[in-house]
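Build the full structure now, drawing on both the sequences and the hints.
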Amino acid sequence: MKYSKEEVIQYVREEDVKFIRLAFCDVFGKQKNISIMPDELPCAFEYGIAIDASAIEGFGDEAHSDLLLHPDADTLMPLPWRPEHGRVVRMFCSISYPDGSIFECDSRSILKQAVRDAEKAGCRFFFGAEQEFYLFNLDSNGNPTTEPYDQAGYMDLAPEDRGENIRREVCLTLEQMGIRPESSHHEEGPGQNEIDFRYSDPLTAADNAMTFQNVVKIVARRNGLYADFSPKPLESKPGNGFHINMSVKSSGNEDLMDFMIAGILDKVGDMTVFLNPQESSYKRFGSHKAPKYISWSRENRSQLVRVPAAAGKYKRAELRSPDPAANPYLAFSLMIYAGLYGIEGKLPLPEPADINLYKADENTLSKFRQLPGNLQSACTAAAGSDFVKKHIPKSILDIYCKPAIVPAGQ
Numbered sequence: 342m343k344y345s346k347e348e349v350i351q352y353v354r355e356e357d358v359k360f361i362r363l364a365f366c367d368v369f370g371k372q373k374n375i376s377i378m379p380d381e382l383p384c385a386f387e388y389g390i391a392i393d394a395s396a397i398e399g400f401g402d403e404a405h406s407d408l409l410l411h412p413d414a415d416t417l418m419p420l421p422w423r424p425e426h427g428r429v430v431r432m433f434c435s436i437s438y439p440d441g442s443i444f445e446c447d448s449r450s451i452l453k454q455a456v457r458d459a460e461k462a463g464c465r466f467f468f469g470a471e472q473e474f475y476l477f478n479l480d481s482n483g484n485p486t487t488e489p490y491d492q493a494g495y496m497d498l499a500p501e502d503r504g505e506n507i508r509r510e511v512c513l514t515l516e517q518m519g520i521r522p523e524s525s526h527h528e529e530g531p532g533q534n535e536i537d538f539r540y541s542d543p544l545t546a547a548d549n550a551m552t553f554q555n556v557v558k559i560v561a562r563r564n565g566l567y568a569d570f571s572p573k574p575l576e577s578k579p580g581n582g583f584h585i586n587m588s589v590k591s592s593g594n595e596d597l598m599d600f601m602i603a604g605i606l607d608k609v610g611d612m613t614v615f616l617n618p619q620e621s622s623y624k625r626f627g628s629h630k631a632p633k634y635i636s637w638s639r640e641n642r643s644q645l646v647r648v649p650a651a652a653g654k655y656k657r658a659e660l661r662s663p664d665p666a667a668n669p670y671l672a673f674s675l676m677i678y679a680g681l682y683g684i685e686g687k688l689p690l691p692e693p694a695d696i697n698l699y700k701a702d703e704n705t706l707s708k709f710r711q712l713p714g715n716l717q718s719a720c721t722a723a724a725g726s727d728f729v730k731k732h733i734p735k736s737i738l739d740i741y742c743k744p745a746i747v748p749a750g751q
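Note that the sequence shown covers residues 342 to 751 in the numbering used here.
Bear in mind the hints are in silico, worked out from the structure with no lab data behind them. Mixed in with the good hints, there may be bad ones.
Claimed, not checked - Ranges of calculated distance between the beta carbons of each label pair, as one might list FRET restraints:
#	residue 1	residue 2	range
1	Asp739	Met496	37 to 47 angstroms
2	Asp537	Gln372	13 to 23 angstroms
3	Pro439	Asn374	19 to 29 angstroms
4	Asp537	Pro439	39 to 49 angstroms
5	Asp739	Gln372	17 to 27 angstroms
6	Arg539	Arg710	28 to 38 angstroms
7	Gly627	Asp440	45 to 55 angstroms
8	Asp440	Asn506	46 to 56 angstroms
9	Gly441	Gln492	53 to 63 angstroms
10	Pro689	Glu348	26 to 36 angstroms
11	Glu703	Asn374	42 to 52 angstroms
12	Ser591	Pro649	16 to 26 angstroms
13	Asn478	Gly441	45 to 55 angstroms
14	Asp440	Gln372	36 to 46 angstroms
We treat Cβ as the ideally placed atom computed from N, Cα and C, and that holds for glycine.
Structure (C-alpha cells):
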C-alpha cells in the first residue's frame, strides 16, 4: 500500500506506533537504521534526520560527517515481530547532504535515477529475486557454527527437510508486511534454502530483497539458528546465488527482450564486481549451477543468462551469476543501464549455447568469454569500463576496488 506523508503521521497516531525505524544501507548493501519517536516524524519528513556518517564505510570522514535521512512515505511497513502495543514501523530513506543535494553514495537514489532514465527511453523494467541461504546451528554460547541444520537435498520433504517450518514462518511474516513470496523449497546444499518473489518494479524489488534478508535472519535467530547469505559458506558445497529475473516493457509494445539480454551479456564482465563483491563470490563460479562463461540459452541452467519457459507477462530473463552479497540497488541499476544499452543500440543477440557447459570440452569452452575469475580482475574490468564510470559514481567504484586494482602490465 502506498502512503502519503500525512497518512503516515495519521497511521502512527492511530495504530499506537512508538518507534519509527529509518532504514538505509551502506554502499555494499549492509542494512543500517536509526529509530525515532513519533513526535520527530514531521521534522523527518520536512527536514530529514541527521546522522553521523563517519562511522559508515564509504559515507565520509570526521571532517565531513553530517548526512540527512529522508523517509520515503511509500515504504511504510509494520514490523510484525515487534510488540502489538507500542508498535514499530519502518521506512526506507534517501540520503542527502545538509545543503539538500543527493549523497552520491546513496545507492537507492542511483536506482531511482536508473528507473527515470529508463522511463525517458520509453522502457519499464521489472525484477524478481531468488535468494539462497544456509541455516546453521548455533553453539552453546549462541555463536554461529558451520554445522548445517539438516542434511536434506534439492526439494526434499520433511522430516529430512528441517527448514520447512522456518521457510513457512518467513513467508507468513513477509505476507504480514505486504510482501508476497512466490515459492520456497530446500536447495541442493545441506541446510540450504531458497525463497522466490513475484516480479515488481525495480525499487520495490530491491527494497524487498533487503527486507527479505533481514526477516530470514530474525526468524532463524528466533528459532535458535543462524542464516548465512554469504557467497560460499561451505567450501565443497553449493554457494548461495542471488538469481535475478528481469523483464522489460516498451511504451510502443515492442518486444525488447533480445536486445535487453544482448546488452547484459555485453556489459556483464564490466559490472561483475557489483554483482559479486567478495573474494569468496568467485569460488561459486563454474560449479553447482553457478555460471563461469558469458552465454545464454533457454531453460539451460549451466548458462549465465537463462530464459525460463514462460509466456506473455511472465516472459523474463534470469541472470544467474550474482550472489546475495550484492547491493541490490546497484545490481538492478547496472542491469537496467546494460539493458538500455542493448535496446538503444539494437544489439544482436548471440546464438544460444544449448549445451551443458559443465561437461563441454576445452575446444568448445574456448569460444566463450569468461566472467572475471577473482575480485581483483573484476575490479580491473570495472575500473577500465566507460560503462561503469558513466553510471557508478567514482567514490563508490573507489570503495569497491581501489585496494584491488592492479595497473595493466603488472
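Measuring from beta carbon to beta carbon, are Asp739 and Met496 in 37 to 47 angstroms?
Between Asp739 and Met496, where Cβ atoms are some 43 angstroms apart, the hint holds.
Please test the hint of 42 to 52 angstroms on the beta carbon pair from Glu703 and Asn374.
50 angstroms, holds
Is 28 to 38 angstroms right for how far apart the beta carbons of Arg539 and Arg710 are?
33 angstroms, holds
At the C-beta level, are Asp537 and Pro439 separated by a distance inside 39 to 49 angstroms?
41 angstroms, holds
Note whether the CB distance of Asp440 and Gln372 lies within 36 to 46 angstroms or breaks it.
Violated: the Cβ-Cβ distance is about 26 angstroms, outside 36 to 46 angstroms.
Evaluate the given range 53 to 63 angstroms for the C-beta pair formed by Gly441 and Gln492.
At roughly 55 angstroms between Cβ atoms, Gln492 and Gly441 fall inside 53 to 63 angstroms, so the hint holds.
Consistency of beta-carbon spacing, Asp440 to Gly627, with hint 45 to 55 angstroms
48 angstroms Cβ-Cβ, so the 45 to 55 angstroms window holds.
Indicate whether the distance between the beta carbons of Ser591 and Pro649 respects the range 16 to 26 angstroms.
The hinted range 16 to 26 angstroms holds for Ser591 and Pro649, with Cβ atoms some 20 angstroms apart.
Please check whether Asp739 and Gln372 have a Cβ separation lying inside 17 to 27 angstroms.
22 angstroms, holds
Range first: 19 to 29 angstroms. Now tell me if the beta carbons of Pro439 and Asn374 are that far apart.
The hinted range 19 to 29 angstroms holds for Pro439 and Asn374, with Cβ atoms some 20 angstroms apart.
So the hint says 26 to 36 angstroms: do the beta-carbon atoms of Pro689 and Glu348 match that?
Violated, since Pro689 and Glu348 (Cβ atoms, about 48 angstroms apart) do not stay within the stated range.
Return holds or violated for the Cβ distance of Asp440 and Asn506 against the range 46 to 56 angstroms.
With a Cβ separation near 50 angstroms, Asp440 and Asn506 satisfy 46 to 56 angstroms, so the hint holds.
Against the hints set out earlier in the document, violations occur for numbers 10, 14.
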